[in-house]
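There are 2 protein chains.
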Amino acid sequence: MSWEKYSRLLFYDEGTGLAVDPSQAAWPEGLLRPDRAETRHAWQEMMNLEKGAIANPSEQRMVGHYWLRAPELAPTAALTAEIRETLSRIDKFAAAVHSGAVRGGRGAPFRRVVVVGIGGSSLGPRFVSRALGTGADKMRLYFVDNTDPDGMDRVWAAVKPELAETLTVVISKSGGTVETRNGMEEARLFYEAAGLDFARHAVRITQRGSKLDAAAADWLEFFPMWDWVGGRTSVFSAVGLLPLTLQGIDAAALLRGAAAVDALTRRPAPAENPALLTALVWQALTGGRGGTQMVILPYKDRLDLLAQYAQQLVMESLGKEKDRDGRVVHQGLAVFGNKGSSDQHSYVQQLLAGPDNFFALLIEVLRDREGESPVVGENSTSGDYLQAFLLGTRRALRARGRNSITVTLPAADAPSVGGLIALLERAVGYYASLVNVNAYDQPAVEMGKKSAGEIIALKNDVLAALNRQPERSFTAAALAEAVGRPEETETVFQLLRRLAANGRVEGIGRGLSGEFRAAGGSL
Amino acid sequence: MSWEKYSRLLFYDEGTGLAVDPSQAAWPEGLLRPDRAETRHAWQEMMNLEKGAIANPSEQRMVGHYWLRAPELAPTAALTAEIRETLSRIDKFAAAVHSGAVRGGRGAPFRRVVVVGIGGSSLGPRFVSRALGTGADKMRLYFVDNTDPDGMDRVWAAVKPELAETLTVVISKSGGTVETRNGMEEARLFYEAAGLDFARHAVRITQRGSKLDAAAADWLEFFPMWDWVGGRTSVFSAVGLLPLTLQGIDAAALLRGAAAVDALTRRPAPAENPALLTALVWQALTGGRGGTQMVILPYKDRLDLLAQYAQQLVMESLGKEKDRDGRVVHQGLAVFGNKGSSDQHSYVQQLLAGPDNFFALLIEVLRDREGESPVVGENSTSGDYLQAFLLGTRRALRARGRNSITVTLPAADAPSVGGLIALLERAVGYYASLVNVNAYDQPAVEMGKKSAGEIIALKNDVLAALNRQPERSFTAAALAEAVGRPEETETVFQLLRRLAANGRVEGIGRGLSGEFRAAGGSL
Numbered sequence: 249m250s251w252e253k254y255s256r257l258l259f260y261d262e263g264t265g266l267a268v269d270p271s272q273a274a275w276p277e278g279l280l281r282p283d284r285a286e287t288r289h290a291w292q293e294m295m296n297l298e299k300g301a302i303a304n305p306s307e308q309r310m311v312g313h314y315w316l317r318a319p320e321l322a323p324t325a326a327l328t329a330e331i332r333e334t335l336s337r338i339d340k341f342a343a344a345v346h347s348g349a350v351r352g353g354r355g356a357p358f359r360r361v362v363v364v365g366i367g368g369s370s371l372g373p374r375f376v377s378r379a380l381g382t383g384a385d386k387m388r389l390y391f392v393d394n395t396d397p398d399g400m401d402r403v404w405a406a407v408k409p410e411l412a413e414t415l416t417v418v419i420s421k422s423g424g425t426v427e428t429r430n431g432m433e434e435a436r437l438f439y440e441a442a443g444l445d446f447a448r449h450a451v452r453i454t455q456r457g458s459k460l461d462a463a464a465a466d467w468l469e470f471f472p473m474w475d476w477v478g479g480r481t482s483v484f485s486a487v488g489l490l491p492l493t494l495q496g497i498d499a500a501a502l503l504r505g506a507a508a509v510d511a512l513t514r515r516p517a518p519a520e521n522p523a524l525l526t527a528l529v530w531q532a533l534t535g536g537r538g539g540t541q542m543v544i545l546p547y548k549d550r551l552d553l554l555a556q557y558a559q560q561l562v563m564e565s566l567g568k569e570k571d572r573d574g575r576v577v578h579q580g581l582a583v584f585g586n587k588g589s590s591d592q593h594s595y596v597q598q599l600l601a602g603p604d605n606f607f608a609l610l611i612e613v614l615r616d617r618e619g620e621s622p623v624v625g626e627n628s629t630s631g632d633y634l635q636a637f638l639l640g641t642r643r644a645l646r647a648r649g650r651n652s653i654t655v656t657l658p659a660a661d662a663p664s665v666g667g668l669i670a671l672l673e674r675a676v677g678y679y680a681s682l683v684n685v686n687a688y689d690q691p692a693v694e695m696g697k698k699s700a701g702e703i704i705a706l707k708n709d710v711l712a713a714l715n716r717q718p719e720r721s722f723t724a725a726a727l728a729e730a731v732g733r734p735e736e737t738e739t740v741f742q743l744l745r746r747l748a749a750n751g752r753v754e755g756i757g758r759g760l761s762g763e764f765r766a767a768g769g770s771l
Numbered sequence: 249m250s251w252e253k254y255s256r257l258l259f260y261d262e263g264t265g266l267a268v269d270p271s272q273a274a275w276p277e278g279l280l281r282p283d284r285a286e287t288r289h290a291w292q293e294m295m296n297l298e299k300g301a302i303a304n305p306s307e308q309r310m311v312g313h314y315w316l317r318a319p320e321l322a323p324t325a326a327l328t329a330e331i332r333e334t335l336s337r338i339d340k341f342a343a344a345v346h347s348g349a350v351r352g353g354r355g356a357p358f359r360r361v362v363v364v365g366i367g368g369s370s371l372g373p374r375f376v377s378r379a380l381g382t383g384a385d386k387m388r389l390y391f392v393d394n395t396d397p398d399g400m401d402r403v404w405a406a407v408k409p410e411l412a413e414t415l416t417v418v419i420s421k422s423g424g425t426v427e428t429r430n431g432m433e434e435a436r437l438f439y440e441a442a443g444l445d446f447a448r449h450a451v452r453i454t455q456r457g458s459k460l461d462a463a464a465a466d467w468l469e470f471f472p473m474w475d476w477v478g479g480r481t482s483v484f485s486a487v488g489l490l491p492l493t494l495q496g497i498d499a500a501a502l503l504r505g506a507a508a509v510d511a512l513t514r515r516p517a518p519a520e521n522p523a524l525l526t527a528l529v530w531q532a533l534t535g536g537r538g539g540t541q542m543v544i545l546p547y548k549d550r551l552d553l554l555a556q557y558a559q560q561l562v563m564e565s566l567g568k569e570k571d572r573d574g575r576v577v578h579q580g581l582a583v584f585g586n587k588g589s590s591d592q593h594s595y596v597q598q599l600l601a602g603p604d605n606f607f608a609l610l611i612e613v614l615r616d617r618e619g620e621s622p623v624v625g626e627n628s629t630s631g632d633y634l635q636a637f638l639l640g641t642r643r644a645l646r647a648r649g650r651n652s653i654t655v656t657l658p659a660a661d662a663p664s665v666g667g668l669i670a671l672l673e674r675a676v677g678y679y680a681s682l683v684n685v686n687a688y689d690q691p692a693v694e695m696g697k698k699s700a701g702e703i704i705a706l707k708n709d710v711l712a713a714l715n716r717q718p719e720r721s722f723t724a725a726a727l728a729e730a731v732g733r734p735e736e737t738e739t740v741f742q743l744l745r746r747l748a749a750n751g752r753v754e755g756i757g758r759g760l761s762g763e764f765r766a767a768g769g770s771l
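Protein sequence lines correspond, in order, to chains U and D. Residues in the first sequence are numbered consecutively from 249, following our numbering. Residues in the second sequence are numbered consecutively from 249, following our numbering.
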């Protein structure tokens, strides 16, 4: 509780109003000295990355998401022009939608937007959409971000009454993401069933020449994804900016806020660089090793998807088996959290009393609300209590020897939200340099996809075998044998169990017996 | 991938359709033997708890949430009658609301419900509301679950056009939870500003004789909270059942599903008891110590708040400094997750490649959707892919030596959701017995609240000091001195910084200077 220490360590920038307080975390004297070799190295790597170095060696590509908010920094004039042109086209298209110059198949102006995308094509836009939405939004956004049939039904049922006024934006970098392909196909069928021409209601955001680009040539519009922007840092590309601009959010203010924080994070001295400061404190708190948790607690309802967004940004960037020298390190930093003070009534019991294997990232927002606040008790407003709970938790954590970092934003508005995203992106980039992992690839993600592809193939073999002998009863074991995969009996059983639950085969001996019968008709 | 092992270990119950598969987790031979002393002890404790033992010694109370779905098991006839009477009153009140027999102040039938509550008074109802809501719901629910002024404004703005048709349910066991008190006060002011009588739009759920009960005597209705039901296990009391019944959810089916799973979890043999089985495997995977993470991944959009619900249930129950013998143990089990396959595009990279300090709880739902599914690719439906991603991730985790448990539900309907909650509640109860912590108290939560109370008091002292000398400029340090708390300069600065951002004082030297000036007029 020392004012001297607090005010000496607090990072504050007058232009953005951003403050980062590392005083409630334990870290060694000298950590923030600008002349430490590893600090200088991390800073130099960031500068090289911004100049167009191949920062993702495993995919041999540049990493340029920072150029999205400062196109003049892109390494070639062509890239600068392409970024600017895309921003301009997003504005024009959104204006045409808002004005009714672009309309749906029946001539109705668009009022709703369904965004079909997953992972980086959903988490950023969803977070910002919720953070900055107001009652005066121009359009309402919905998200199809999975291949759950029932989940898709829910979204389409919600927009069904206004389907003729509904625009669908399909986002897939490669065009090969199966969940998004499925969401697109179901969307197309839903429009067609309503007698609407999907192409006149659809926009694609993808890489030029992708499967999606080719299949969607007659759609209303195309916006690019670039190979130098990773999915988890794509919110300031068309991926985020098109849906958000359609919603009515001030994309220019978002970009301005991000650019302003980026500028702060180019300073070489950690005490003056909020992202480098944050990354160094993270490193001290994790010991530079995997296994620690970061609990993100924004004290502001609007920001309640921040931790979900940051889960991908942090865990996919840092969760790596090997470092850049090929050593097995099992790095990672698990992220969770929803919002304060609500979460204090959920798991803060464990944070204060349980294992000391985490640190908290508390997010304070100074501005309470539009308009005045009433006194609700003890001469205090609801916002007075919200701050008191934040400060009280910060203090209780410290009293129990738990670490926290507090980030303060002037308001939950577009510049501050843009700046917060920039701060986290840069902190993750610096941290990855400090612990020597490649923040820009995700090699393990392919494993689950590959296994899923094998399971789809097995299911098709099983269905084909059933179709060859549609009347017979069978066991999972016999069917696995019939498709030449006796070692896959377990998976065949799991496939049949679900097919039976959906009326595509019949389960006879319910449960564990593994006995089934082909349903009548074609499978 | 051994069918023999899988089918031997799989728990399956034909009545409920519930399956629990522990085969993809590493645990020692003999773990499930029914004659292990600690297993028998945990089982006996659960039986004693159900018979009314004082299972929460730190608060000297019984723990009876299981009676809510089997009132005949309550230890006295009076309790049995009270539970049944409350269920009956909930049904009658909801029917009266739905029929229009109970109406708002202007005579309009109620169509919307705002639930004001936090922690256990919000997480369970929210999870189930989202899991079981349909387009045919009778009423729409909104939740005020924080003391964020802007968050409240968002909810009230959404219902404002139909405020005369909006019922508010205030839930607070003690009536003293500050966030809920604030939510209630702002609600009252909002109704009053619209010329509506809040009392004619409000229902209270609280302990008889609480502050809230006394202050709300003229409200439409009262429903009880009981001291033998903890907040995090209150979803099957009026806390959950009143809002959910108003929404149109089949509460009887929820209770039936929970009761059916409870019955399974009274079996002494772990292999036949899905909760004891689960708890024993958890214990093997955590080593019985704090520090492990449980990643909950339901492959079904409707269940995407399950992990938020389970965070409180698990972490508040298990996150304990001391065991029941007073030894310092720092127990806990961190919980996070949203839904699959979406989360595979977020953090599964870290699960597969990063630190091996977690296990996954995969939730499979067999029934895909209402109605038929189209083929979207590779002769497969969207649901085929959803299952393939689940099975693929389970397989990839195993290939990397990571552990998972898979729970399979026949459908995401009321009986299965009720059963899933029961399974988790009982598993947590058994696990707590096994590791010897009290699952039913939360002593550390008071720390943050106490600190917050001190901060509110300090803020009031600061404002009073300013009111005594309203024209003067001052520094945070001088003001801390003036209120006799020079050691609190840091907090005084933080308080003033926020007050300045909200126009209640003026910040002069922005940022770090700590200089402020009293705003004109009263504070």
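What the hints contain is simulated information worked out from the structure, not anything from laboratory work. Don't take every hint at face value.
Just so you know, same-sequence chains aren't split out, so a pair can sit in one copy or run between any two.
Simulated pairs of lysine to aspartate or glutamate, EDC-like, Cα-Cα distance not exceeding 20 Å [what the hints assert, rightly or not]:
#1 K570 to E293
#2 K386 to D339
#3 K299 to E440
#4 K253 to E729
How the hints compare with the structure:
no. : hint         : in the structure
1   : K570 to E293 : within (19 Å within a copy, 46 Å between copies)
2   : K386 to D339 : within (14 Å within a copy, 40 Å between copies)
3   : K299 to E440 : neither (47 Å within a copy, 59 Å between copies)
4   : K253 to E729 : between (71 Å within a copy, 18 Å between copies)
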